[in-house]
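Q: Fit chain G to the given chain V structure using the hints.
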Amino acid sequence: MSHTCTVCHKDARKFCGKCKQEWYCSRDCQIAAWKNHKDECPKLQEKAKRPELPKSDSFKGKNIGYGSEDNVSVWANIDDSNSTGDITQLRFMIVNGSNANIKIASKTTLLTVKDQALRKKVHSSDANKSQFVQHKDQEVNIDQLTLAPKEHAVLVNHFQRGDVRPDQFQLLELPFKMDGKGVIKLAVQVTVPASVAPTSATATSSSDTGGSNPCSVTSGTKFGDRGNTPTTHVFTSQTVMDIQPSHLLPELLENIFSRLDCESLGRVAAVNHHWREASGTNVLWKHWGIYIGDVPEELQSIERTHKDDYKSMYVAYLNSSFGRYKNHLVDVRKTVSSLTETIQKLGIHCGFTPAQLDRYEETVKLNLDDETRCLYRLIGDQTSEDGITCAGVFGGYEFYGTGCNMSLMGLRQSIKWTNRLSQAKIDFIRSLIPIAVDLDARKKFFYYSKHPSYPGAIIDVRHGDCILVADSLLSLMKKSIYNISSGNWLPIENGLITVFPTRLDMGATEAVTRGVRIRCSVVYVHEEVGSEQSPNFFSYRVQMSMDPTESPDRSCQLVSRHWSCIDCNGVVSHVEGPGVIGEYPIMKPGARFEYTSCTFQNGRGSMEGFFRMKSLTRHGEMFDVEVPRFSMEAPQVIFRVKVSALAVPVAPLTQ
Amino acid sequence: MASESISVTTSDDQTIQLSRKHAQMSQTINSMLEDSVGADQEAIPLPNVSSEVLKKVIDWCTHHENDPAPVEKVKKLNKKREYKAKNSTISDEWDKNFVNAELRVIVDILLAANYLDVKGLFELMCKHIANELKGKTPDQIRERFGIQDDLTEEDKAAMRKAWGATKNDS
Numbered sequence: 001m002s003h004t005c006t007v008c009h010k011d012a013r014k015f016c017g018k019c020k021q022e023w024y025c026s027r028d029c030q031i032a033a034w035k036n037h038k039d040e041c042p043k044l045q046e047k048a049k050r051p052e053l054p055k056s057d058s059f060k061g062k063n064i065g066y067g068s069e070d071n072v073s074v075w076a077n078i079d080d081s082n083s084t085g086d087i088t089q090l091r092f093m094i095v096n097g098s099n100a101n102i103k104i105a106s107k108t109t110l111l112t113v114k115d116q117a118l119r120k121k122v123h124s125s126d127a128n129k130s131q132f133v134q135h136k137d138q139e140v141n142i143d144q145l146t147l148a149p150k151e152h153a154v155l156v157n158h159f160q161r162g163d164v165r166p167d168q169f170q171l172l173e174l175p176f177k178m179d180g181k182g183v184i185k186l187a188v189q190v191t192v193p194a195s196v197a198p199t200s201a202t203a204t205s206s207s208d209t210g211g212s213n214p215c216s217v218t219s220g221t222k223f224g225d226r227g228n229t230p231t232t233h234v235f236t237s238q239t240v241m242d243i244q245p246s247h248l249l250p251e252l253l254e255n256i257f258s259r260l261d262c263e264s265l266g267r268v269a270a271v272n273h274h275w276r277e278a279s280g281t282n283v284l285w286k287h288w289g290i291y292i293g294d295v296p297e298e299l300q301s302i303e304r305t306h307k308d309d310y311k312s313m314y315v316a317y318l319n320s321s322f323g324r325y326k327n328h329l330v331d332v333r334k335t336v337s338s339l340t341e342t343i344q345k346l347g348i349h350c351g352f353t354p355a356q357l358d359r360y361e362e363t364v365k366l367n368l369d370d371e372t373r374c375l376y377r378l379i380g381d382q383t384s385e386d387g388i389t390c391a392g393v394f395g396g397y398e399f400y401g402t403g404c405n406m407s408l409m410g411l412r413q414s415i416k417w418t419n420r421l422s423q424a425k426i427d428f429i430r431s432l433i434p435i436a437v438d439l440d441a442r443k444k445f446f447y448y449s450k451h452p453s454y455p456g457a458i459i460d461v462r463h464g465d466c467i468l469v470a471d472s473l474l475s476l477m478k479k480s481i482y483n484i485s486s487g488n489w490l491p492i493e494n495g496l497i498t499v500f501p502t503r504l505d506m507g508a509t510e511a512v513t514r515g516v517r518i519r520c521s522v523v524y525v526h527e528e529v530g531s532e533q534s535p536n537f538f539s540y541r542v543q544m545s546m547d548p549t550e551s552p553d554r555s556c557q558l559v560s561r562h563w564s565c566i567d568c569n570g571v572v573s574h575v576e577g578p579g580v581i582g583e584y585p586i587m588k589p590g591a592r593f594e595y596t597s598c599t600f601q602n603g604r605g606s607m608e609g610f611f612r613m614k615s616l617t618r619h620g621e622m623f624d625v626e627v628p629r630f631s632m633e634a635p636q637v638i639f640r641v642k643v644s645a646l647a648v649p650v651a652p653l654t655q
Numbered sequence: 001m002a003s004e005s006i007s008v009t010t011s012d013d014q015t016i017q018l019s020r021k022h023a024q025m026s027q028t029i030n031s032m033l034e035d036s037v038g039a040d041q042e043a044i045p046l047p048n049v050s051s052e053v054l055k056k057v058i059d060w061c062t063h064h065e066n067d068p069a070p071v072e073k074v075k076k077l078n079k080k081r082e083y084k085a086k087n088s089t090i091s092d093e094w095d096k097n098f099v100n101a102e103l104r105v106i107v108d109i110l111l112a113a114n115y116l117d118v119k120g121l122f123e124l125m126c127k128h129i130a131n132e133l134k135g136k137t138p139d140q141i142r143e144r145f146g147i148q149d150d151l152t153e154e155d156k157a158a159m160r161k162a163w164g165a166t167k168n169d170s
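Chains V and G, in that order, are what the protein sequence lines are.
The first sequence maps to residues 1 to 655 in full-length UniProt numbering.
The second sequence maps to residues 1 to 170 in full-length UniProt numbering.
Just so you know, these hints were derived from the structure itself, not from any lab.
All the given hints hold, so there is nothing to weed out.
With a straight-line cut-off of 25 Å between C-alpha atoms, the simulated DSS-like cross-links for lysine-lysine are: (1) G/K156 <-> G/K134; (2) G/K134 <-> V/K334; (3) V/K307 <-> G/K161.
Computed from a prediction, not measured in an experiment: that's the story for all the values here.
Looking at chain V on its own, in the form it has when it is part of the complex (with noise of 0.2 Å):
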């Protein structure tokens, strides 16, 4: 409460009605005052008639007010008698210091509530009892209010029309949050009959003619135009409360400190009382706390003992076995969780035990980044069960019977792989570990690099050409998990998750020609190689569909494919051969059709051309179909080690 009672230091909510200075808990206590009260009760009221705008510093939470014109003034107070500054109220008073009436006009705005959350409140918990007070969107209205001279309200939310007496006050309460929205925004409209109009009102806008309108809003302060139509008066008074750096509003704050990690936010709750309450908001710690099953149990159990308080949960956690990976968890955590989400089938395990991955890098001679050791606390390999095979976890292709399905490889395995590379002369090949294996041959891997030059990623290697994967293991899976859940990469039959990109945006190249709508694809093979002159190798999916509705005298017949190669240098070769794959393909509505096939090219290159068809009910007309030019580029070599310097036949690398 910003005011206490006169006679007994109590909290006030009531003034002396007549100079509106004087503040007093109980009618007894007023009664008790009157004898000394009434000799400057005048003087006051002398004061009252011309509040004066409080300056910024005297507001502090306490009091919004406005002083205006001679006859009229407008200010409110908060309420802050609850210190938890949760809910306060405002209440909010119009002053009629003129000798005539003044009268309020409809559709008065009252209030500009900012804050979505507070304006719930207010409708809740006024729409039921207020009869003149609406709430429409953010503002609260009042309907119409005429204050005989002299006379005040005190607006409260059940105020009644035309109820109004110097001794009778109207409180217009609004919960309010104490440290506030920052803006109050008090806009009261207030129209003198002609009749009665001030004469010592000061002329602002004398030539304002839309103040005649009582309807008319206008923003700013404004008086005058005295004659003898009624005229309307606006105050407005906005309003921010006082506000040092170390007392932000808990909204600036939480905005932001919502751009904090966990350990900048747990510092920052040891500030002060102010900033430890809003930094320890729950919406804060949120981010960092996904609940979802399948994690160790040392995790699990912290997160079921503090389920719906993330902050604690936090804390609970950083004393944890998992407090090491203070910095990853979060991340690690939502690309996990992700992933689980993201693929069907995934025959993945639960995580290693920091006993398991201490004494695989010893075995190893290596020892993984944090965030790499964090994936691995939480997820294990991939195996198939049951000869069901299952999706690798970074996919794979499938062309003339060959392909890869790479997932992710178990501790066990690694080591079994790692021995063989560690008899490598070259540090470089040393510094490999393997931690991803095509499923079902065995014979591609990722390497996990310890090189300095590349610490933590991700490499592939064929013939001791090292190309880099991704960034880390960790990226790896992001842009997996990406290009699964945005329908880029698509699971084929058997589960297996084909890297062939499918959307047009990202990589993908279409024509259509008659109805027949070719998409084109092409994924660059590291592990194959091409010919001598055109040493990269590219596999490339040809999807051929037609649309369920065209017309059935569209259909056609593949009879023979035309491609013009171009290569590095721009040269144009010539490619023509009957049916794709051995197969001439039957196109009708509806009907789909895909193949893969594969190339060579010398580091970039294109492919595009047009498949001949044959009508199938149109006499038998041939037309060219267009497939789209589809672009390859074999990645860069980011180390190359000559094979005869491999100084064991290290399986994975020369297979």
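A: For chain G alone, coordinates are given in the frame of chain V:
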């Protein structure tokens, strides 16, 4: 016809002209303008913004006047991933220079941006302050922001205990 320039009165009683375009970047001024359609424009009172700060705001608005309006992000279908920590990266070079000011001024601009409801500027100031907070100890923050320490020793001891030894790790 709406006039092309708007005048506002700041807390230190200065009247400042700004273009309608800039004025409308402030939702607060914009709604005031809408409220007063048809009325002759008088200076709009901005009792919470000093002329010094307002000039800063106008500077920012001038630089960003052609920015596309911020798009409300479509909520992701998956509720579990809905809440994402906001980042605090300031990418614009001009902005980086702009926030290179005294903290008191920054806070004033933040408050003004909040009051005037200039979204981009508000975001920028929040980001900057968040960056200021990152990696600092509570003591450093108190010193930087001129905050009084009102936590008792018991409070601090309890916090230290809860956060454990990991708190001070690198």
